[in-house]
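Engineer: Single-letter residue listing:
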Amino acid sequence: MDNMLHVSSSPHVRAKDSTNRIMAYVILALLPTSLFGIFNFGLKALLLIVLTIASCVATEWVFEKIIHKESTISDLSAVVTGLLLALNLPVTLPWWEAVLGGVFAIAIVKMMFGGLGQNFMNPALGARCFLLIAFAADMTNFVTDTYTGATPLAAMRNGEVINNMDALIGRTAGTIGETSAIAILIGAVILILLGVITLAIPASYLITFVVFMLIFGGHGFDMNYIVAQLCSGGIMLGAFFMATDYVTSPITPKGRIVFGICCGILTGLFRCFGANAEGVSFAIILSNIFVPMIEKMTIPRAFGQVKEKKEGK
Amino acid sequence: MNKNLERLYNGIIKENPTFVLMLGMCPTLAVTSSAINGLGMGLSTTVVLVLSNLLISAFRKIIPDGVRVPAFIVIVASLVTIVEFMMKAYFQSLSAALGVYIPLIVVNCIILGRAESYASKNPIMPSIFDGIGMGLGFTVGLTCIGLVRELFGAGQLFGAQVLSLSWFTPITIFVMAPGAFLVLAFLVAGMNIIRKKMDEKGKPLAQPAGCINGDCASCGKADGCKDRKGA
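Chains as they are written, first to last, in this note's numbering: chain S, 1 to 313; chain F, 1 to 231.
Simulated from the structure, these hints should not be mistaken for laboratory data.
Any given hint might turn out to be false.
[Said to hold, decoys possible] Which chain F residues stay away from chain S? Per the calculated CB distances, all over 10 Å, these:
(1) Val106
(2) Thr169
(3) Ile173
(4) Phe174
[Said to hold, decoys possible] With a straight-line cut-off of 25 Å between C-alpha atoms, the simulated DSS-like cross-links for lysine-lysine are:
(5) F:Lys196 with S:Lys69
(6) F:Lys121 with S:Lys65
(7) F:Lys201 with F:Lys14
(8) S:Lys307 with S:Lys254
(9) F:Lys3 with F:Lys88
(10) F:Lys14 with F:Lys3
(11) S:Lys296 with S:Lys254
(12) S:Lys296 with S:Lys307
(13) F:Lys88 with F:Lys201
(14) F:Lys197 with S:Lys65
(15) F:Lys196 with F:Lys61
(16) F:Lys121 with F:Lys61
(17) S:Lys69 with F:Lys197
(18) F:Lys196 with S:Lys65
(19) F:Lys121 with F:Lys14
Here the structure is a predicted model, which is why all the values come from computation and not from measurement.
We put the beta carbon where it would ideally sit given N, CA and C, even for glycine.
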């Protein structure tokens, strides 16, 4: 009889979700675009991915050894950071710069602020921006054996019309993981089906961006141009995999939409009026900074709570 | 210890304006893109600081308390103007590199801070040494930051190429604005580690003694301070 009564305190129903399970899902969802990147750019891309992941994991391990904290590398978050960072690098980048990026992402952007859950900025994007400013020439060198032309975004900036089919499939120059919109969308569908992300952030991000480009893009209601803008550069990867990072996006439902709108407007601003053709990474980390403010302003009302009426006549 | 030497030690190590008091952050972050700029900025501030401490200490009994800050500013501004013209005449390139930050020495927190909390209450000689100590502390801080930023950002030290460009790719973020914040943060963190180690050994290094800002109400160390006002 005793064996049949199981007494414990609530919660009685436990979810299977844990940090490393969710991170494993994200890695799974990133596989299509990583594999396409390796197929597109050759084994050098695989080398960069492995090196960046190794440098992120090693940095986390060493950092926690130094400050005498329990090692958290088994939660796989460092692997995700490393993979995302590698997907954001051009394949021509010297290996040591990629390793330095991994160290920066983990040591400075993540661990200095207290580790997973405390960082105010997406570590992979923080490191990408660090590398972009530190090694501007290497980070914008997209010339490989296969691709000698400019990236689609740069080409569009010069007034050229790009082949939308190439941009969709990913046979273009660019960073390792950003070129193929289809591979990224497959990953996004996996994430949504597994319940890891909701559509709120990506949808509000992309819709805002499209509206912004329709108004300020300078091409009017030209659907070809809009599709080209959506399929090239880092916006797909950013919207589905980086803007949705749990730690650095708002927790409130309304806040997520505000956050997405914020990312969309900033990306549009950078792409239309900025000095560079691309601005997704800067747009997302700038929006990351607004997250605490957005959360504060969009706290949902508790059930039964009434808005306080203003007193006085 | 001799009182004057104590002021020097106090300014350079114990209450280093850059790493301990965190004063004068604007020029610290803005002009330290190379060691020579940091050194130039530090030394010109030192000159102004020594002379302003000297004059303010000399006039401390004449300046009415109610208008002391405007009076300090007039003195500091005149000195800064002299330094600025001297630099334009003799150090053209440095003057161009430091730009608006030379005139901005007028509103440097360190100078007004020392005038308010030290020179206006103490005799001339210690005030001069206080100015030298604080000025050198500021110079050391700025030069250190400049050295690190120049080394990583350009592979140079005082303009001489030490890391060969044949294998070293300059990490240009270090000579840009974000680099200033990063390097300053790491140096302050390093200083804190040293301070903690010295505390553990029983030789406290940088417990700011006496007044930092002359304002007991907002001072964290007011409890148990023997100079506390209105206790």
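Engineer: Can you name, in rising order, the numbers of the hints this structure does not satisfy?
Structural biologist: Violated: hints 2, 3, 4, 6, 9, 13 and 15.
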